[in-house]
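Using our numbering, the first residue of the sequence shown is number 1, and each one after it goes up by one.
Hints are computed from structural coordinates only; laboratory data are not their basis. Incorrect hints may appear among the rest.
Said to hold, decoys possible - Derived DEER-like restraints, expressed as beta-carbon distance ranges:
| hint | residue 1 | residue 2 | range |
| --- | --- | --- | --- |
| 1 | Ile133 | Ser16 | 28 to 36 angstroms |
| 2 | Val122 | Ala21 | 20 to 28 angstroms |
| 3 | Asn66 | Val122 | 25 to 33 angstroms |
| 4 | Asn149 | Phe42 | 28 to 36 angstroms |
| 5 | Ile111 | Ala53 | 36 to 44 angstroms |
| 6 | Ile111 | Asp50 | 39 to 47 angstroms |
| 7 | Thr89 | Asp14 | 26 to 34 angstroms |
| 8 | Leu59 | Gln147 | 41 to 49 angstroms |
| 9 | Asn66 | Thr107 | 19 to 27 angstroms |
| 10 | Met57 | Ile28 | 27 to 35 angstroms |
| 11 | Lys23 | Ala53 | 31 to 39 angstroms |
| 12 | Thr89 | Ile111 | 29 to 37 angstroms |
The beta-carbon is built from N, C-alpha and C at its ideal position, and this holds for glycine as well.
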Amino acid sequence: MEQRSNKVKAPSKDVSFLKKARKHLFTIFIMLPGILFLFLGFQWLVAPEDAAAALMMPLLNGAGLNSQIGDIGGLFLGMGLLVMGAVTTKKSDLLLSVSVLLSCIATYRLISFALCDATLIVQMFVVETVIAIWYLVASKKMNEREQKNA
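Put together the whole structure using the sequences plus the hints.
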């Protein structure tokens, strides 16, 4: 008769490598929109005409220009910093904050279309919604990891 060993096998190196790779990919996919947000935030300072064109809006002048640079540039810079903070500190609440901001932006985009006769820029609405959902899911997953490591 064969005798079976009751020893528990250690996880193979391949499984460990795959877990690490998956974790790194998760982090990269969180960071990519954050890097874009940082770029757009800084672009409002150094090349506001290009930043406005990227968002399909005219560049205003005077107080309007000040509001565009301050409000829109600050929003993008803030979201980018929140994403990078979430990645470095592993705090899921920071990602959730960005998700809420993007959800509000997408909602206001729809409301302005419905109530104010503004042109609906569908591709921006879709991108904002997809990233908001992605950050909501990533926040939940990051929170689960926080709980597991606590």
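Hint check:
Distance hint check: the CB atoms of Ile133 and Ser16 are about 30 angstroms apart, consistent with the given range 28 to 36 angstroms. For Val122 and Ala21, the Cβ-Cβ distance of about 35 angstroms falls outside the hinted range of 20 to 28 angstroms, so the restraint is violated. Checking the proposed 25 to 33 angstroms range against Asn66 and Val122 shows it holds: the Cβ atoms sit about 29 angstroms from each other. Hint check: Asn149 to Phe42, Cβ distance near 33 angstroms, so the stated range 28 to 36 angstroms holds.
The given range of 36 to 44 angstroms is broken by Ile111 and Ala53, whose C-beta atoms sit roughly 24 angstroms from each other. In this structure the hint that Ile111 and Asp50 lie 39 to 47 angstroms apart at CB is violated, the actual value being about 28 angstroms. For the hinted restraint 26 to 34 angstroms between Thr89 and Asp14, the CB-CB distance of approximately 30 angstroms keeps it satisfied. Distance hint for Leu59 and Gln147: a CB-CB separation of about 46 angstroms, consistent with the stated range 41 to 49 angstroms.
At roughly 26 angstroms, the beta-carbon separation of Asn66 and Thr107 lies within the given 19 to 27 angstroms, and the hint holds. About 30 angstroms separates the C-beta atoms of Met57 and Ile28, a value consistent with the hinted range of 27 to 35 angstroms. Against the hinted window of 31 to 39 angstroms, the Cβ-Cβ separation of Lys23 and Ala53 comes to about 37 angstroms, which satisfies the hint. Taking the beta carbon of each, Thr89 and Ile111 are about 33 angstroms apart, inside 29 to 37 angstroms as hinted.
Comparing the model with each numbered hint stated earlier shows that hints 2, 5, 6 do not hold.
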